[in-house]
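Visitor: Sequence:
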Amino acid sequence: MNSGALHYAAKALSKELPKAYRKGIEGAGAEEIEEIISVHAVGAAASGLAAGWVPGAGGTAALMASVGFIWSMYYRINKKLGIGLSKTVVKSLGAAVLTNIAGSAMALVGGAALATALSFTGVGNAFSSLIMAALDYAVVLVSGIIYMKILVGLFKAGKDVEKLSSEDLKAAAENVIKNEDVNSMLKDARDSYKKAYKSGEISGKETVDIEEE
1 MNSGALHYAA KALSKELPKA YRKGIEGAGA EEIEEIISVH AVGAAASGLA
51 AGWVPGAGGT AALMASVGFI WSMYYRINKK LGIGLSKTVV KSLGAAVLTN
101 IAGSAMALVG GAALATALSF TGVGNAFSSL IMAALDYAVV LVSGIIYMKI
151 LVGLFKAGKD VEKLSSEDLK AAAENVIKNE DVNSMLKDAR DSYKKAYKSG
201 EISGKETVDI EEE
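Using our numbering, read the sequence shown as starting at 1 and increasing by one per residue.
No wet-lab data here; the hints were simulated from the structure.
Quantities reported herein were computed from a predicted structural model and do not represent experimental measurements.
Hints may contain errors.
[Stated by the list, open to error] Simulated crosslink set (PhoX-like; lysine-lysine; CA at most 20 angstroms straight-line):
1. LYS91 to LYS79
2. LYS205 to LYS194
3. LYS156 to LYS170
4. LYS163 to LYS80
5. LYS187 to LYS170
6. LYS11 to LYS91
7. LYS19 to LYS79
8. LYS163 to LYS79
9. LYS170 to LYS87
10. LYS178 to LYS195
11. LYS91 to LYS194
12. LYS87 to LYS11
13. LYS23 to LYS194
14. LYS15 to LYS159
15. LYS205 to LYS195
16. LYS19 to LYS163
17. LYS15 to LYS91
18. LYS159 to LYS79
19. LYS91 to LYS170
20. LYS19 to LYS156
21. LYS156 to LYS178
22. LYS23 to LYS156
23. LYS80 to LYS19
24. LYS23 to LYS80
25. LYS159 to LYS170
26. LYS91 to LYS23
27. LYS19 to LYS159
28. LYS194 to LYS178
29. LYS15 to LYS156
30. LYS79 to LYS15
31. LYS11 to LYS156
32. LYS91 to LYS163
[As the list claims (entries may be wrong)] Computed spacing ranges between beta-carbons, pair by pair:
33. GLU162 to GLY200: 36 to 46 angstroms
34. GLY200 to LEU108: 37 to 47 angstroms
35. ASN175 to GLY200: 15 to 25 angstroms
36. ALA171 to SER199: 38 to 48 angstroms
37. GLY200 to ASP168: 17 to 27 angstroms
38. GLY200 to ALA171: 41 to 51 angstroms
39. ASP160 to LYS198: 20 to 30 angstroms
Think of the CB as a built atom: it goes at the ideal place given N, C-alpha and C, for glycine as much as any other residue.
All chains should be built: construct the whole structure from the sequences, respecting the hints.
Guide: Below, the structure is given as structure tokens:
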């Protein structure tokens, strides 16, 4: 599954990286960052696919469960680039980004009430599970794109990312989200996952181990 927005953001990040952070992607370039994001998004989708089969699993609650995939993804991007942000900081940032975009994601399926109602019905369970898988994929993928855009903005401004507080990073995230068409990115990512799942390109059983607390 190729995402034009993901590829473009990764290329932009690789271009703006300060010299101190370039060593981690020498040779492979932006592709390794794209892979980290894609793997976590697909892993979150598999988790969402399983969660969607649980009767009564609330849509928003199920979506928020993907926060572990998001902060793990952020932490591994940082590790690859050599950015020394603690797990505590990336957890806080990941939760903030997810909270900011969760409402937009749920709106794509008519809101939390619809997803919750579907999960109570035997007929709706399969449909509900695919909805949640696609949304989990979308929010993690888009959260990855947002993070790369955060870094690009900070690097362009000459900021030392490692010296910024959690609040500084959250403010940067809010600024990116405010100025990006998040709804379109989420919709494109959701549709991409559903298409790949239905075609058999992905099985819905792909997993990824997230970072330990």
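Visitor: None of the hints should be skipped; say for each whether it holds.
Guide: Right, here's what the structure says about each hint:
1. Between LYS91 and LYS79, the direct Cα distance comes to roughly 14 angstroms. Compliance with the 20 angstroms bound is thereby established for this hinted pair.
2. A threshold of 20 angstroms between alpha carbons decides the hint, and for LYS205 with LYS194 the separation of about 14 angstroms falls inside it, so the pair holds.
3. As the CA atoms of LYS156 and LYS170 are separated by approximately 17 angstroms, the hinted pair is consistent with the 20 angstroms bound.
4. For a cut-off of 20 angstroms, the pair hint linking LYS163 to LYS80 stands: about 18 angstroms separates their Cα positions.
5. Note on LYS187 and LYS170: the hinted pairing is violated, with a Cα-Cα distance of about 23 angstroms set against a maximum of 20 angstroms.
6. Distance check on the hinted pair: LYS11 and LYS91 sit about 25 angstroms apart at the alpha-carbon level, beyond 20 angstroms; violated.
7. Distance hint between LYS19 and LYS79 is fulfilled; the C-alpha atoms sit about 15 angstroms from each other, no more than 20 angstroms.
8. Distance hint between LYS163 and LYS79 is fulfilled; the C-alpha atoms sit about 16 angstroms from each other, no more than 20 angstroms.
9. Annotation: proposed proximity of LYS170 to LYS87 holds, straight-line Cα distance about 15 angstroms (limit 20 angstroms).
10. Taken as a hint, the LYS178 and LYS195 pair is broken in the structure, with Cα atoms around 28 angstroms apart against an allowance of 20 angstroms.
11. Simply put, LYS91 and LYS194 have alpha-carbon atoms about 28 angstroms apart, too far for the 20 angstroms limit, and the pair is violated.
12. Proposed proximity of LYS87 and LYS11 is contradicted: the alpha carbons are some 25 angstroms apart, above 20 angstroms.
13. A C-alpha spacing of about 36 angstroms is found between LYS23 and LYS194, which places the hinted pair above 20 angstroms, so the restraint is violated.
14. At roughly 16 angstroms between alpha-carbon atoms, LYS15 and LYS159 fall within 20 angstroms of each other, so this suggested pair holds.
15. Restraint check for LYS205 and LYS195: satisfied, since their Cα atoms lie roughly 16 angstroms apart, inside the 20 angstroms limit.
16. Straight-line distance between C-alpha atoms of LYS19 and LYS163 comes to about 17 angstroms, which keeps the hinted pair within the 20 angstroms bound.
17. Simply put, LYS15 and LYS91 have alpha-carbon atoms about 26 angstroms apart, too far for the 20 angstroms limit, and the pair is violated.
18. Our distance criterion of 20 angstroms between C-alpha atoms is met by LYS159 and LYS79, whose separation comes to about 18 angstroms.
19. Restraint check: the Cα-Cα separation between LYS91 and LYS170 comes to about 11 angstroms, which is no more than 20 angstroms; the hinted pair holds.
20. With a CA separation close to 13 angstroms, the supplied pair LYS19 and LYS156 stays within the 20 angstroms bound.
21. With a C-alpha separation of about 18 angstroms, the suggested pair LYS156 and LYS178 falls inside the 20 angstroms cut-off, and the hint holds.
22. Among the hinted pairs, LYS23 with LYS156 is consistent with the structure: their alpha-carbon atoms are about 19 angstroms apart, no more than 20 angstroms.
23. Under the criterion of a C-alpha separation no larger than 20 angstroms, the hint pairing LYS80 with LYS19 is consistent with the structure, at around 14 angstroms.
24. This hinted pair checks out: LYS23 and LYS80 have alpha carbons roughly 9 angstroms apart, not beyond 20 angstroms.
25. With a C-alpha separation of about 14 angstroms, the suggested pairing of LYS159 with LYS170 holds against the 20 angstroms cut-off.
26. Proximity of LYS91 to LYS23 is assessed by CA-CA distance (about 25 angstroms); at most 20 angstroms being required, the pair is judged violated.
27. Restraint check for LYS19 and LYS159: satisfied, since their Cα atoms lie roughly 14 angstroms apart, inside the 20 angstroms limit.
28. Distance check on the hinted pair: LYS194 and LYS178 sit about 27 angstroms apart at the alpha-carbon level, beyond 20 angstroms; violated.
29. Taking the CA atoms of LYS15 and LYS156, the gap is about 10 angstroms. The hint holds against a cut of 20 angstroms.
30. Among the hinted pairs, LYS79 with LYS15 is consistent with the structure: their alpha-carbon atoms are about 18 angstroms apart, no more than 20 angstroms.
31. Taking the CA atoms of LYS11 and LYS156, the gap is about 14 angstroms. The hint holds against a cut of 20 angstroms.
32. A threshold of 20 angstroms between alpha carbons decides the hint, and for LYS91 with LYS163 the separation of about 16 angstroms falls inside it, so the pair holds.
33. In this structure the hint that GLU162 and GLY200 lie 36 to 46 angstroms apart at CB holds, the actual value being about 43 angstroms.
34. In this structure, GLY200 and LEU108 break the distance hint of 37 to 47 angstroms, their C-beta atoms being roughly 23 angstroms apart.
35. ASN175 and GLY200 have their C-beta atoms about 40 angstroms apart, which leaves the hinted 15 to 25 angstroms range violated.
36. Checked against the given bound of 38 to 48 angstroms, the beta carbons of ALA171 and SER199, roughly 40 angstroms apart, stay inside it.
37. Look at GLY200 against ASP168: about 44 angstroms separates their beta carbons, and that is not inside 17 to 27 angstroms.
38. GLY200 and ALA171 have their C-beta atoms about 43 angstroms apart, which keeps the hinted 41 to 51 angstroms range intact.
39. The given range of 20 to 30 angstroms is broken by ASP160 and LYS198, whose C-beta atoms sit roughly 45 angstroms from each other.
In terms of the numbered hints stated before, the structure departs from hints 5, 6, 10, 11, 12, 13, 17, 26, 28, 34, 35, 37 and 39, listed from lowest to highest.
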